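Taken in sequence, the protein lines are chains A and B.
First residue of the first sequence? That's 1 in my numbering, and the numbers climb one at a time after it.
First residue of the second sequence? That's 1 in my numbering, and the numbers climb one at a time after it.
Don't read these hints as lab results, they were simulated from the structure.
Computed from a predicted structure; not experimentally measured.
It cannot be assumed that every hint is accurate.
Here's a subset of chain A near chain B, in silico, CB distances under 7 angstroms, partners left out [what the hints assert, rightly or not]:
no., residue
1, D37
2, M51
3, L55
4, P66
5, L70
6, D71
7, S75
8, G138
9, A141
10, F316
11, S317
12, R318
Reference listing, derived: stretches of chain A covered by chain B, where coverage requires no fewer than 3 residues with Cβ under 8 angstroms from a Cβ of chain B [claimed, not checked]:
no., segment
13, 8 to 16
14, 29 to 35
15, 180 to 186
16, 202 to 215
Label pairs and their computed distance ranges (CB to CB) [said to hold, decoys possible]:
no., chain 1, residue 1, chain 2, residue 2, range
17, A, D181, B, E231, 46 to 56 angstroms
18, B, K257, A, D181, 22 to 32 angstroms
19, A, L111, B, R325, 53 to 63 angstroms
20, B, E158, A, K124, 28 to 38 angstroms
21, B, G35, A, L111, 53 to 63 angstroms
22, B, D297, A, M77, 43 to 53 angstroms
23, B, R34, A, L139, 32 to 42 angstroms
24, B, P310, A, L111, 40 to 50 angstroms
25, B, R276, A, A329, 58 to 68 angstroms
26, B, D61, A, A26, 39 to 49 angstroms
27, A, R281, B, G35, 33 to 43 angstroms
28, A, L139, B, R199, 33 to 43 angstroms
29, B, A192, A, L139, 54 to 64 angstroms
30, B, K167, A, A26, 54 to 64 angstroms
From the three backbone atoms N, C-alpha and C, an ideal C-beta is built for every residue, glycine too.
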Amino acid sequence: MTAPTKSARTIPTAFAIAEALRIAMASDPDVILMGEDVAGGGSRPEGTDEMGGILSVTRGLVREFPDRVLDTPISEMGILGTAVGAALTGLRPVVELMFMDFIGTCLDPLLNQASKFRYMFGGKARVPLTVRTVTGAGLQAAAQHSQSLYWITAGIPGLKTVIPSNAADAKGLLLAAIRSDDPVIFCEPKGILFLSTDVPEEDYEVPIGTAKVVRAGSDVSLVGMGATVGMALAAADELERDGISAEVLDLRSLAPLDEDAILATLAKTGRLVVVDEATPRCGIASDIAALCVDKGFDFLNGPVKRVTAAMCPVPFSRVLEEAYMPSAARVVEAARGLL
Amino acid sequence: MRTMEPTEEILLVAYRTMRTIRSFEEKLVELVTRGKLGGFLHTYIGEEAVAAGVCANLSDDDHVASTHRGHGHCIAKGVDVRGMMAELFGAGSGICKGRGGSMHIADLGRGMLGANGIVGAGIPLATGAALTAKLKKTGGVGVAFFGDGASNQGAFHESLNMAANWKLPAVYVCENNGWGEFTPTEFVVPVADIAERARSYAMHSLIADGMDFFDVYAKSGAAIARARRGEGPTLLECKTYRFAGHYVGDTLVYRNKLEADHWINHRDPLQIFTSRVVGDRLLAVEDLQRIDREVADRIEEAVSAAEAAPLPDPGDLLEDVYVQR
Ligand SMILES: Cc1ncc(C[n+]2csc(CCOP(=O)(O)OP(=O)(O)O)c2C)c(N)n1
């Protein structure tokens, strides 16, 4: 990994993402951005200012790269399909899919096209596509704007799926995703988009497929991804007060999965809790539990615990949404149960 | 086309509907400012005549599919504002038990198939309702409300093609408010009128002044009557304007204020309606004022009830995922 060394500033994840886009576009003329409002409607009349996607992440980029920031109609199937075709033929598109929930309207270009070309065509194709998409609950955005559907893309061979937990990793992972010759889904959890961390100014990449121990510990391993890393860290603080030493592993990449890092922390502590914002069935948490049983059975001193969202659509009402989501308190409870 | 003159009763209902929508939405903005409401909220202010005009031709047996900007459609279709307000507060007494929120208000008994968080998703749903009406011979129609932006979705084109082929009793009401989020319509739509898109499907089409209740009422009435007669679907484009931002909290930096002011000051559907009905002596000013007072009271009452209503029981989180668990 290119270790970030030079000057760092504290900026929110959304800004770190914009910075990665700017660096990627400046360093490679084939990188283009596509999405709804990413250019804010293009050139504006006097006295108005453009937006940059619904959360203004790409605001201003169109001024620097007028031909390469493309506002699209609300046509997700067209956007994704076009981006896949462009990627196959020499461009390096970065698509903004506003919320991952909308993947329902444009799954085919990912499921049956981008993911399969390399293999189906006998190793001849490259699809250097990045899809940036917002995931997660917590803003009362309800059933169709709050889902964490990365388990769908992580389950499709040929696609890579990454999810940062902080601004610095967001920048490095996005740069790695854009420069990857494989299609990558880059998840932007709502819970971290406006949280700030130190972000180095220079161009650096966080290699896809590498998890990171973000807090060392010896009694129990807490494995998180995206916004649940923060929950795991908060839980570790709480557990420490009880004299329990928790190690926190940030997956960062869901596909490929850093199996070695998961097994290493399990070997160290013998106990593992995995925290996932998604629904429990057929998901990342279950996958990790299976890995621990399959390849780490001898390390286990107890069951693998999964702390996930509930198996229902995301409810609107604040009280229900809180009950739906995983939380630091539920991680603490699960970890205590193992000791 | 023979113009249909609305009766006094229809006009009174129409005014009450439009005033209720306006007051409901203005109250929401106030409640958000006071920190009382969460979630994503999109107001229908400026577009009232479209929902009121179309729904004045519908009954509970007709089905309507709505959008993220759905409060107006719900109110015009007869959904109880108390249940709607309680829903926005996330209360257990909400019309969807607090589970849906603004973008998912539905009332199947009223023929309201739901607001929708997915742009374009309501269009095939209304098409399906029209299929039910046709096969079960209910005499009902399926009506889809959707924006100009949604007419760029494949779901729009696929639905219109199917409805035209099957001669379904469907009416596609495009609310062309000039904007899709922060992008002007002409940046993403190459045709001058959305109505032109009907030609690809050999479908009947009409354009209405979406700020004029009378025009929307007459043209949607003709389209709905045609659908009921079994003569097939219509694409009805209503030219309108979104007075406020895309969502509550939108800073509107991207929109020219002069453009908005023009519509707000000269093309307000409530003002246009009032001057017409008063000028032509169709309704008395006192009637309108009485309705204003009644609507204001009703909204206040809805807010007080919603604020006092208990929140849902978190223990019920897993209820209703399936009909039978
Ligand atoms: C499939 C999908 N894509 C994008 C969005 C985000 N979005 C919500 S409303 C909106 C604009 C819709 O424009 P239009 O259809 O013209 O309706 P209006 O908001 O103007 O009423 C967009 C892009 C969404 N909710 N669903």
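Against the structure, the hints:
no.: 1; hint: D37; in the structure: 5 angstroms, holds
no.: 2; hint: M51; in the structure: 4 angstroms, holds
no.: 3; hint: L55; in the structure: 11 angstroms, violated
no.: 4; hint: P66; in the structure: 14 angstroms, violated
no.: 5; hint: L70; in the structure: 11 angstroms, violated
no.: 6; hint: D71; in the structure: 6 angstroms, holds
no.: 7; hint: S75; in the structure: 5 angstroms, holds
no.: 8; hint: G138; in the structure: 10 angstroms, violated
no.: 9; hint: A141; in the structure: 5 angstroms, holds
no.: 10; hint: F316; in the structure: 3 angstroms, holds
no.: 11; hint: S317; in the structure: 3 angstroms, holds
no.: 12; hint: R318; in the structure: 6 angstroms, holds
no.: 13; hint: 8 to 16; in the structure: violated (count 0)
no.: 14; hint: 29 to 35; in the structure: violated (count 0)
no.: 15; hint: 180 to 186; in the structure: violated (count 0)
no.: 16; hint: 202 to 215; in the structure: violated (count 0)
no.: 17; hint: A:D181 x B:E231: 46 to 56 angstroms; in the structure: 55 angstroms, holds
no.: 18; hint: B:K257 x A:D181: 22 to 32 angstroms; in the structure: 47 angstroms, violated
no.: 19; hint: A:L111 x B:R325: 53 to 63 angstroms; in the structure: 30 angstroms, violated
no.: 20; hint: B:E158 x A:K124: 28 to 38 angstroms; in the structure: 33 angstroms, holds
no.: 21; hint: B:G35 x A:L111: 53 to 63 angstroms; in the structure: 42 angstroms, violated
no.: 22; hint: B:D297 x A:M77: 43 to 53 angstroms; in the structure: 47 angstroms, holds
no.: 23; hint: B:R34 x A:L139: 32 to 42 angstroms; in the structure: 18 angstroms, violated
no.: 24; hint: B:P310 x A:L111: 40 to 50 angstroms; in the structure: 43 angstroms, holds
no.: 25; hint: B:R276 x A:A329: 58 to 68 angstroms; in the structure: 60 angstroms, holds
no.: 26; hint: B:D61 x A:A26: 39 to 49 angstroms; in the structure: 60 angstroms, violated
no.: 27; hint: A:R281 x B:G35: 33 to 43 angstroms; in the structure: 36 angstroms, holds
no.: 28; hint: A:L139 x B:R199: 33 to 43 angstroms; in the structure: 41 angstroms, holds
no.: 29; hint: B:A192 x A:L139: 54 to 64 angstroms; in the structure: 38 angstroms, violated
no.: 30; hint: B:K167 x A:A26: 54 to 64 angstroms; in the structure: 55 angstroms, holds
When held up to the earlier numbered hints, the structure conflicts with 3, 4, 5, 8, 13, 14, 15, 16, 18, 19, 21, 23, 26 and 29 and fits the remainder.
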